[in-house]
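Student: Take these sequences, add in the hints, and give me the full structure.
Protein chains: 2
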Amino acid sequence: MSKLFNVAVIGATGTVGETLVQLLEEREFPLLNLHLLASSESVGQSLPFRGKNVRVRDIDAFDFSQVQLAFFAAAEAVTLSYAPRAQAAGCSVIDLSGALPADQAPRVVPEVNAEVLASLAVPVQVACPNATATALAVVLAPLRSLLTVRRLSVTACLAVSGAGREGVAELARQTTELLNMRPLEPRFFDRQIAFNLLARTEPIQGTGHTRSELQIAADIRHVLADDALKVSATCLQAPVFFGDSLSVTLELVSAVDLLAVQAALEAAPGVELVDSDDYPTAVGDAVGQDAVYVGRLRSGLTDDAELNLWIASDNVRKGSALNAVQLGELLIKHYL
Amino acid sequence: MSKLFNVAVIGATGTVGETLVQLLEEREFPLLNLHLLASSESVGQSLPFRGKNVRVRDIDAFDFSQVQLAFFAAAEAVTLSYAPRAQAAGCSVIDLSGALPADQAPRVVPEVNAEVLASLAVPVQVACPNATATALAVVLAPLRSLLTVRRLSVTACLAVSGAGREGVAELARQTTELLNMRPLEPRFFDRQIAFNLLARTEPIQGTGHTRSELQIAADIRHVLADDALKVSATCLQAPVFFGDSLSVTLELVSAVDLLAVQAALEAAPGVELVDSDDYPTAVGDAVGQDAVYVGRLRSGLTDDAELNLWIASDNVRKGSALNAVQLGELLIKHYL
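Chains as they are written, first to last, in this note's numbering: chain S, 1 to 336; chain C, 1 to 336.
No lab work stands behind these hints, which were simulated from the structure alone. Heads up, some of the hints might be wrong.
No copy labels: a pair is met if it fits in one copy or bridges any two.
Calculated pairs, DMTMM-like style, for lysine to aspartate or glutamate (alpha carbon to alpha carbon, straight line, at most 25 Å) [unchecked claim]:
1. K230 to D257
2. K230 to D190
3. K3 to E28
4. K230 to D303
5. K52 to D63
6. K3 to E25
7. K333 to E18
8. K333 to D226
9. K333 to E26
Note that this is a predicted model, so its numbers are computed, not measured.
Tutor: If you want it as structure tokens, here you go:
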């Protein structure tokens, strides 16, 4: 009989945490006891797991020495407070919040840079990259032997579920108000998101970029181990409930061989390439799926050393929860 | 008393044609008689103009020698059939359909390359560029003395009104069906557009690009008279009724002086620059306005020879109808 593990999920009642618990069940994670933890306001809720309801308990009272592995799908501040405590108790940590610095918790996408795990000491600290960076890395990694990317320019049209349940509820509420011709007062977002696009998903920082845009640049360079890569990222808030859509332009050092790129993507793990006369969408294809969908593969309009493509990906699943569970699977298989 | 002109509007019952007629009234175009023309199915409808209803008549029966100027806001095929007839009758033509080749009907944005008009013989043939190219040109022209753009990469999130009234109706219908939990059967678009993004606005052509993407590249180079400019364009269909949003990355030959760019855009005609800690949106700012709105001005994340910005523009107005009326104003002032 193979070994079983005790696991904690922090932030289990959020959009990502809930999907993570589902995936632990679906993928038959070798789990003995599952502990769902949250900060005080979610305590007392419960989530279904293997036919039972598991109650969410207060993280403050939890003894991390009971578990070998903890998934942090909570707010950044929660991760910063409790991940050190988990590690001090000998528990490995998978950070989905992006809170832990990359030099303490390397960003890993199993299809791309799993080898990083081999150099880490137990208890391990490892993190999921930003969801957009993860989707990009899954698509770019199988192309590394075919082309050298000088600059990656991405416009990420992000679903409101990236902002959690309140984002989803607010898009639904605004849309209903508008269709019923009632005056609109934006609440959760800073303006009308229904039938509109917002030029940012978060406050703009000093240099003019947002936290997600900075994360995308840092994480994609880190995961691809390519510090020379130039990255330009714009994150839009789209009036879409689930699933991110990325418009990507790659500036290359030499002309692109489209057929070779196509063949490499067709063979790549975690990638679903859609024929060039068709295209995938977030809602129609990616949502609820493990794969990252790629379409509209084409060389530049005016430059044959340019590659354009479109990516549709489930932001909650591969963008976060699935990647974390895959990391957990690797950790227990090889290191714990 | 200044001279008055007889004018025809072809395709007057479409989204763009209707706005064009409104603008002729609002801007007090020196007009004696207005003739609204359409192909047979729209004949008999009427549009309000200066307090009266003007009836739409059959273009087949129209004698173009009655007018000095004709706006073609109809389908491409209509322009290709009737623009030569108009010109043969001595009538100048402003093409909003993009049907006439650029060497016969140069693309002109009054704020950018009005000087082109001086070289044309009467009757003049002139055209509005693609709406996205027009918005880009209005923003890039005032920067020409400040920076040299090597590559322009744009992801254009286009409103369904760009596809006409049927696009608008279909987004409304799909959204209502989904909010009422009824099963969705896409009609006008090839899949679900409500709460989704489509990776193209038109069929994909041989090289993998769409007609609009090819037009953007050709028109922006033509209007800016810059054949060396590399252009990468992706046109998405967004679940937005009115107003286009553009995410733009400019690769420059040298480091960008952000303050100088800001000053130039603040002074530029037809441009409304929004502070860097705020941003404009299509629905909240651009729709119904003449100006092209610019925000999220910032240098590159990883490259100071890069400039990123966001543009929100009324696709029907400055993108098409307003630009055409401005061209008409220039023509009658200087050439007719």
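Student: Look at each hint and say if it fits the structure.
Tutor: Status of each hint after checking the structure:
1. K230 to D257: both (21 Å within a copy, 19 Å between copies)
2. K230 to D190: Classified as neither: same-chain Cα gap 31 Å, cross-chain 35 Å, threshold 25 Å.
3. K3 to E28: Only inside one copy: K3 and E28 sit 13 Å apart there, 82 Å across copies, limit 25 Å.
4. K230 to D303: both (18 Å within a copy, 7 Å between copies)
5. K52 to D63: within (23 Å within a copy, 80 Å between copies)
6. K3 to E25: within (16 Å within a copy, 79 Å between copies)
7. K333 to E18: Within one copy only: 24 Å inside a chain, 66 Å across chains, cut-off 25 Å.
8. K333 to D226: Answer is neither: 28 Å inside a copy and 57 Å across each miss the 25 Å cutoff.
9. K333 to E26: within (18 Å within a copy, 72 Å between copies)
Hint check: violations occur at hints 2 and 8; the rest are consistent with the structure.
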